[in-house]
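Chemist: Sequence:
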Amino acid sequence: MTRPKYFSTNGHLLLCQGQSCQQRDSVLLHKALWNWLEREGLAYYKQGGTVRLTQSGCLGACKYGPTLCVYREREGQLEQAWYAGLDFPAAKAVAQAVQDGADLPVTGRYGPPQP
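Here the sequence shown is numbered in my numbering, starting from 242 and rising by one per residue.
The hints are simulated quantities; they were obtained by calculation from the structure and are not laboratory data. Idealized CB from N, CA, C, for every residue including glycine. Heads up, some of the hints might be wrong.
To be verified - Calculated cross-link-like contacts (lysine to any residue; reagent style SDA-like; alpha-carbon spacing at most 20 Å):
(1) Lys246 to Thr291
(2) Lys333 to Gln296
(3) Lys246 to Gly289
(4) Lys333 to Tyr305
(5) Lys304 to Thr348
(6) Lys333 to Tyr285
(7) Lys246 to Gly290
(8) Lys333 to Gly349
(9) Lys333 to Glu320
(10) Lys287 to Phe248
(11) Lys272 to Gly282
(12) Lys304 to Gln264
Unchecked claim - Simulated restraints on C-beta separations:
(13) Gln288 to Pro245: 17 to 23 Å
(14) Gln296 to Gln337: 16 to 22 Å
(15) Phe329 to Ser261: 14 to 20 Å
(16) Arg244 to Tyr351: 35 to 41 Å
Let the sequences and hints guide you as you build the complete structure.
Modeler: Okay, structure coming up:
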């Protein structure tokens with residue numbers, strides 16, 4: 242049985258595509274962010290790229306969208322970050338931090354306490 246090709250990643254970005262977030266342009270944000278990831282070589286399947294971006298269902302912060310959730314391993318621990326009211330520059334900053342293994346931005350971040 243053949244299996245899909247596996248690509249190593251530094252982190253996974255989940256961008257909400259629920260109805261409320263779509264009304265706040267999450268579809269356009271996903272397209273812009275995906276195009277930027279590809280153009281900059283950060284998309285997980287590009288040589289040197291390690292960022293995976295996925296459209297998700299509702300992430301539960303409907304009044305505050307678009308909402309983005311990030312999961313990655315850092316220093317042997319699972320790190321998660323949640324962002325609300327995300328715009329394109331903020332989304333790019335999150336993706337770049339994931340690619341670089343840097344601290345995640347604090348702008349727009351909410352949710353579990355930061356380490």
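Chemist: Take the hints in turn and mark each one as holding or not.
Modeler: We went through each hint and held it up to the structure:
1. At roughly 14 Å between alpha-carbon atoms, Lys246 and Thr291 fall within 20 Å of each other, so this suggested pair holds.
2. For the given pair, Lys333 sits about 16 Å from Gln296 by alpha-carbon distance, which is consistent with the 20 Å threshold.
3. Of the pairs offered as hints, the one joining Lys246 and Gly289 holds, with about 16 Å between alpha carbons and a cut-off of 20 Å not exceeded.
4. Between Lys333 and Tyr305 the CA atoms are separated by roughly 18 Å; this keeps the pair inside 20 Å, and the hint holds.
5. For the suggested pair Lys304 and Thr348, the alpha carbons sit about 17 Å apart, so the restraint of at most 20 Å is met.
6. For the hint linking Lys333 to Tyr285, the alpha-carbon distance of about 15 Å falls within 20 Å, and the restraint holds.
7. The hinted pair formed by Lys246 and Gly290 meets the criterion: a straight-line CA distance of about 15 Å does not exceed 20 Å.
8. For the hint linking Lys333 to Gly349, the alpha-carbon distance of about 13 Å falls within 20 Å, and the restraint holds.
9. The hinted pair formed by Lys333 and Glu320 meets the criterion: a straight-line CA distance of about 18 Å does not exceed 20 Å.
10. The straight-line distance between the Cα atoms of Lys287 and Phe248 is roughly 9 Å, inside the 20 Å bound, and the hint therefore holds.
11. For the proposed pair Lys272 and Gly282, the alpha carbon gap of about 15 Å is at most 20 Å, so the pair holds.
12. A C-alpha spacing of about 10 Å is found between Lys304 and Gln264, which places the hinted pair at or below 20 Å, so the restraint holds.
13. Between Gln288 and Pro245 the CB atoms are about 18 Å apart, so this pair conforms to the stated range of 17 to 23 Å.
14. At about 20 Å, the beta-carbon gap between Gln296 and Gln337 stays in the expected band of 16 to 22 Å.
15. Take Phe329 and Ser261: their Cβ atoms lie about 19 Å apart, and the range 14 to 20 Å holds.
16. Between Arg244 and Tyr351 the C-beta distance comes to about 37 Å, which sits within the given range of 35 to 41 Å.
The structure fails none of the hints (numbered hints given earlier).
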